[in-house]
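Chains as they are written, first to last, in the working numbering: chain X, 1 to 103; chain C, 1001 to 1660; chain F, 2001 to 2467; chain V, 3001 to 3490.
Think of the hints as simulated: they come from the structure by calculation, not from any bench.
One or more of the hints may lead you astray.
As the list claims (entries may be wrong) - Capping the alpha-carbon separation at 35 Å, the derived lysine-lysine pairs in DSBU-like fashion look like this:
id: 1; chain 1: V; residue 1: K3155; chain 2: V; residue 2: K3104
id: 2; chain 1: C; residue 1: K1186; chain 2: V; residue 2: K3104
id: 3; chain 1: C; residue 1: K1580; chain 2: V; residue 2: K3155
As the list claims (entries may be wrong) - So the derived label-pair ranges between C-beta atoms look like this:
id: 4; chain 1: F; residue 1: V2342; chain 2: V; residue 2: E3438; range: 28 to 38 Å
id: 5; chain 1: V; residue 1: T3292; chain 2: C; residue 2: T1624; range: 41 to 51 Å
id: 6; chain 1: C; residue 1: L1656; chain 2: F; residue 2: L2466; range: 30 to 40 Å
id: 7; chain 1: C; residue 1: A1243; chain 2: V; residue 2: Q3051; range: 40 to 50 Å
id: 8; chain 1: F; residue 1: L2451; chain 2: C; residue 2: T1623; range: 24 to 34 Å
We put the beta carbon where it would ideally sit given N, CA and C, even for glycine.
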Amino acid sequence: MTVGLTHIIVLSTALFFIGMFGLFTRRNMITMLMSIELLLNSVNINFVAFNKYLYPAKMDGVFFSVFIITVAAAEAAVAIAIIINLYRTHKSIDVDDVADLKQ
Amino acid sequence: MMKELLYHITAFKSLPLGEVGGAALWIILLPLANFILLGLGKKYLKNMAGVLSTVLLFIAVVIALSIAYHYFFIDGKQNGVYQTITICQAHWLSLSPTMNVELGIQLDALSVMMLVVVTFISSMVHLFSLGYMKGEERYANYFAYLGLFTFSMLGLVAATNLLQLYMCWELVGVSSYLLIGFYFEKPSAVAAAKKAFIVTRFADLGLLIGILILSFNTGSFDFQTVIQSLTNTQSSSFISITASSFLGMSTLTWGLILIFIGGAGKSAMLPLHIWLPDAMEGPTPVSALIHAATMVVAGVFLVAKLFAVFAIDVTALQLVGYVGSASALFAAIIACTQTDIKRVLAYSTMSQIGYMMFALGVSKYGGEEGLGYSAALFHLFTHAFFKSLLFLCAGAVIHLVHSNEMKDMGGLRKLMPVTHIAFLIACLAIAGVPPFAGFFSKEEILSATYKNNKGIYILALFTSAVTAFYMFRLYFSIFWNKSFDNHHHEHHGEGTITMKLPLLILMLCAAAVGFIPFSEFISSDNHPFHSAIHIGFSILPVVLGLCGITLAAFLYFKQNDRPDKIVNSIQVLYKTAYRKFYVDELYLFITKKIIFNGIAKPAAWIDKNIVDSCMNGVASITTTISATIKNMQSGKVQQYALYFFAGVAVLLMAVLYVWK
Amino acid sequence: MPENFFILFKQELWLTAILFILLISKLKDKQPAATSLLTGINILLLLNFLSGFFFNAEGSLFGKMFVTNHLHVFEKNILNLAALLISLQSTKWLENHEHIIEFYVLMISSLLGMFFMISAANVLMLYVGLELSTIPLAAVANFDLKRKTSGEAAMKLIISSAFSSAILLLGISFIYGCTGSLDFADINNLLHKEPLHAAAFLLFFVGLLFKVSAVPFHLWTADVYEGSPVAVTSFLSVASKAAAVFALLNVLNKMAQPLSSIWHDALIWISLLTIIVGNLFALRQQNIKRLLAFSSVSQVGFLLLAASANSSLGNAAIIYFILIYVFSNLAAFGVIALVSAVKQKETLTDYHAFYTNNKFLSWCLSIALFSLAGVPPTAGFFGKLFLLMSASQGITFTVLTIAALNMVVSMYYYLRVVRTLFANNENECLEAIEVPITAKIALVICVAGILLTGVLSGAYNYIITLQ
Amino acid sequence: MLLSSLVILPLLTVLAVAFCKELQQIRVVAFIGTLLQLALVAYIYTAYQSQSITQSNFLLERDCEWFPLLNIHYHVGVDGISMAMIILTAIIVIAGVLVSWKIKELSKEFFILLLLLSAGAYGFFISLDVFTLFFFLEVAVIPKFLLITIWGSGKKEYSAMKLALMLMTGSALIFVGLMGLYYTAHSFDLQTISKTLLNPEAQKIIFPFLFIGFGFFAALFPFHTWVPDGHSSAPTAASMFLAGISMKLGGYGCLRVATYLLPYAAQYYSPYIIALAAIAILYGAFATMMQTDLKYINAYSSVSHCGFVLLGIGMLTQTAITGAVMQMVSHGLITALFFAAIGMLYERTHTRQVKELGGLLKVMPFISTVFIIAGLCSLGLPGLSGFAAEVTVFVGSWQRTETAYRIATIVSCASIVVTAVYILRATGSSILGAVKNEHFLSLKDATWNEKLAALLLLIGIIVIGIMPYVLQNAITAPVVDIMNHLNANK
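Using the sequences and the hints given, assemble the complete structure.
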């Protein structure tokens, strides 16, 4: 059995939903951040797979995924900085404790 | 602006009345000038105000008399018919391309007669008021209001069209309001003024709609056009107005009935009479002028003015006749029981106007058949003199006694001889004793009624006896009965010469005007005709009148307990009549219970609680929704993401399955 | 590299230069005094703004990934102006802040990202611009380090935007899968009205709607606006939103024309929802920043309604409205920033009888609110009307009526603030607030903008000529 | 340029007032500004008179492009109707400034807002482009809100908000209607649209938006509820302006925009308009009877009287429409006079409750006389303006012979009785009667400025009452134009 595009799409979709599930349910902010990384990586898989299977002539998809990885790193850096600061002010990294602004 | 204004006043046309005709404008302008001068300059005029306005009024009387002389004896008649002459016109408004409202002065026999009556009585009242109102705080205001009234009354009688009539009609209503409420610090005066205005306003509504009907169907407000097109049975407007009907009556009938309602309101006909007795709260000379001689007969004037049209429509004219006769009797009965002398006079006025009304109601159009018409106006004419005389006398009495109640009076004949004689003559005149004025006019009315409607004739006879009774009841109670106890009152005699002079003049008139051959001047179709008194016919009413007088003398000449006995024996009837047949209570019920509590209160309530609440409800619903959905913004970032995802999902579903 | 690279890339280069200057000055051991630093930065920003008016050209760079034309230059100028005004307004707050340079570095990076977003003609460029504009903002939202809410706002912003970019990227990946290209023009040619294409596009589209905070993707907005420092809030609400709208317009016009019937309907529903929900939430707010946040949500609804028209008239109306919105919102936030610097909080009750001692500020705030409410003669009236006018080509009377009636609802909460300002209670009113000259200049510019851009039709006509 | 100066002059005055320092200066500058307005209006009137009617119905026109791509023009011009409304505005504004002479608190802002209002009203009446017209209509809303919420009395905040929101709702509907108009006729220009034959079905959809929208301003039942609260909470000058001019904006709009531009729909909806107007007239009058606050009485009576305007418009006969326009002018003057008198009384006695007042004629003869005259005029006394206008409406309404129209006319006529009742009740217990409160005896009569204000309004009322043809001649041509338009689009 060769691994076709479909398999990879299924994988990436599964990854996406796993990531989303994690994002919605985990209370720990660091875990949420990791879930987001899952989301982004599933997209990366998409790009690479599309590029390889459908449009192998150009490298657009691959490059895009490189950009995503880079940006995700930056994003994670900022997010972690924010979470650290939150820990300083709230003494917690539970996302439910940080819900003063509402309604 | 000025140029435009002048342009709009049509220059005096070449008039058959020659030089004098133009002066008719002055009759109307002088009282107006009076009103404006006194209204603006009351601070500076002070006591001169009365004199000034009286002088102006006398000038107006002179002009009116000379115009009447010219009209009736020199220029007015052409080919044996009294002409309708338009003296001047000023454009006021165009209500449609064809319906121009021109304010102006139009003279016909009726108007000329009324001009004379109004100016003359007004001048007498002015003269009388000089003494009567002396020392009043708002002396100038009083004369200003009188000026306004006289102006509007003259405008009414000289109106060229229905709308002008309506305008002046309202203006006399307002001046009546102002004068009744002259003593505005007295709550009863304010209430009476209000009542008078509102009741007549209600009637005016009828008049207004009636005018709308007639003017719409004839395409004009002008009396002449309206009358011409509605009396010509071939004209298109006549056909259209009689063809259409509503609730079984033709539009014409409706229009005339509505107009008559207006007239009935002003003339205090049943059941719109309730304001008149209360209107006696005003100064007495005012009652003499407005509520006896001039304004209250406006209804009669109105029906007479449109008589040619009324004569075509039997239903409306019958209504006039029956309402008139019922009012005459009704008021006469009440008058027998009242103790306030002015109220007695008020009811007597109502009764006498009832006479005029039913005389019109039984009359026919044209020639000798129109005797009722001439008689009604003849009675209007004579009544103006003797009734204003009665009021002025009453005024003099009240001036002396400081009370309106009969029980405070009695035996005044020695203290006020002039008043006494004047009052006696006026009473004789109203009772129909020959040769005083009332006799002649009443005889004409009775003979016209006899010819056309026997039922009304019998009522009228009875009323005439009752009239004689209550008038002499009044006379005896004031001037005879007990002797006057003047220890309690500071005696200041009969008043100044200015108060006595008008009494004397009016006394002469009340005695003499009956000899005028009235139908030679005023007739339904303006063709003069001769009417004679039939001695034989007159015997019955005169005898009945004398019976009434005798009865009154029997009961009231000396102080005794006979009246009380009679009252006790017919207590229920007496009470009912004394309480004016509970009409006031009925009105109170209708206004307070039905209109106030039944309509106005719910309207205000609905506005506040339903209409407004709906508007506010929209706002509160919005806030409620806003409060309900506030938890969407829970503050939890994971839920935000969930909503986000739900949004995406819904959008995708919608795109994939709904829109495709 | 084309010979006019420096002209086409002028505005971005300016920003980069400023960034370098700031970084270098940060590296120096001795920091300059706050006031002189701020003055310098303001002058730089002013020069940056002015540069936008000279030597403009149209063309593309980086293999057509980056396109610029007069309209884009104008859009960027609007953003430059916003940045300048915000900087002028927040001097009072920044003077006492220890990280002035960092603030500007982050803000200008974000601005740079926005410029890339606007000029993007390629999905990759758009994505990079988007992230460049968002991530620094999250950091800068946390700038009141001690305040709990500030951290919360930053957290919510970064997590929400990360999630939204994930969705956006998913969309992009499928678009790439469907078309094999990242170039706007190519995608425009290759996209069809097919379910997969439509779904892919919608995922991408939603990512952008998140940025403009359309309902139901708006939930972060109010919290972030409320929690962030006022300067950041104004930047978020004005610049960030404007850039996202410009980018959205670009995408809709240049990339998604084959699917216009789909996004037309979607936009109408979303915009109605946005208008209504934004208004309903705004109605009950007691915090003036939060109130303005929700009001801005509802304003976006009107923008989207015009965007649904898919016409040049609509685009012009949107750009015009954004210009006005910059003035109005910044006038409002300018006043709020000053009050907040004194009071440290922004509840509506603090503004009770504000007029008694602060006439100038009250008038500025009122005029700004009137403009937001769309009351003539302020420019907001014209802005909103033109939006609806261009929108009404493609919508039913019902939609138009709902939108118009929502203007009345929004009227309520704006007037509520105005009423509070003018209440005559002299006992518990705020004392007179000292207005620094820079803030005064900024406010005067804003108010003049509000009063003049509408009545004098020049601005609008100019935008029309740009297209 | 001449007409535009009507808008510019108040704005210049606003600037001048803004730079004033002392109270006295502010008043005088504002007064001079309004005097100049009056002079300008008089000059425009003479200029208008001297130009003969050419092909166009509008004179002193000026048309320049404003937003060319949207086909929005700044287009102004006057015809008889707008001329009448402009004169009305000038008179009421000057009277408003005069009665506000004593305002001490934030007087500068007060006069500024009042002048802004007048600028809005002038602009509205001279606009020949519906967009410009809408612009000026909305300009006049917010100053009202501020005037009430800052200087008002009673539950002013509620009233001000209610007024603003309801008027804005009206504007929102008008806007929707305008959009419909624009996308049907592709123009905002009044004359251009009037020359285009609009699709009847489209007219039927657009008309309700425009008519109800303007109806909010003109107190169309059931959208009148802002009137009582708004008027009674407003300071005197604002009440005068609200009832005198603001409500006329609605009537003018109903006529000039809704009826004129959508003649087919106007005829289609005529019965509904008539029904609402007749209800407003009688129901408003009855509701007035139960009011105890003088301002509420006048406010509700305004609902009733403005019903005549809508009735006249809805009847669609030349006479009725003429009457409607006359009623607009007349009611503007009367109600302003009434509010001025009530304001003067309130300023002195500090109460507006009918029950607490009494016998004021003795204490303050001038103000009381003004009050009585205003009352009499309100109940339609001939010789004053109210009668001429109402009778024209009645006669015009009677020209519609259908039974429903007749009933509506009779119902409306019946209001003259109810009006008399409430006016006389109010007058009877507050002005006449015995002095109810000792301290009333020490009160002073009107000052010169108040007298001047009252006289100014009175002159207007009397001139129209005695010479209504002056007003009528001015408005005949435009009304005939509207009628021709209606008849051509049956």
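To see whether the hints hold, each was checked on the structure:
1. V:K3155 to V:K3104: It holds: about 21 Å lies between the C-alpha atoms, which stays within 35 Å.
2. C:K1186 to V:K3104: Not satisfied, since the Cα-Cα distance of roughly 39 Å exceeds 35 Å.
3. C:K1580 to V:K3155: violated, 48 Å
4. F:V2342 to V:E3438: 28 to 38 Å: Hint violated: Cβ distance 51 Å, outside 28 to 38 Å.
5. V:T3292 to C:T1624: 41 to 51 Å: For T1624 of chain C against T3292 of chain V, whose Cβ atoms are near 32 Å apart, the range 41 to 51 Å is violated.
6. C:L1656 to F:L2466: 30 to 40 Å: holds, 37 Å
7. C:A1243 to V:Q3051: 40 to 50 Å: Distance hint for A1243 of chain C, Q3051 of chain V holds at roughly 48 Å.
8. F:L2451 to C:T1623: 24 to 34 Å: holds, 33 Å
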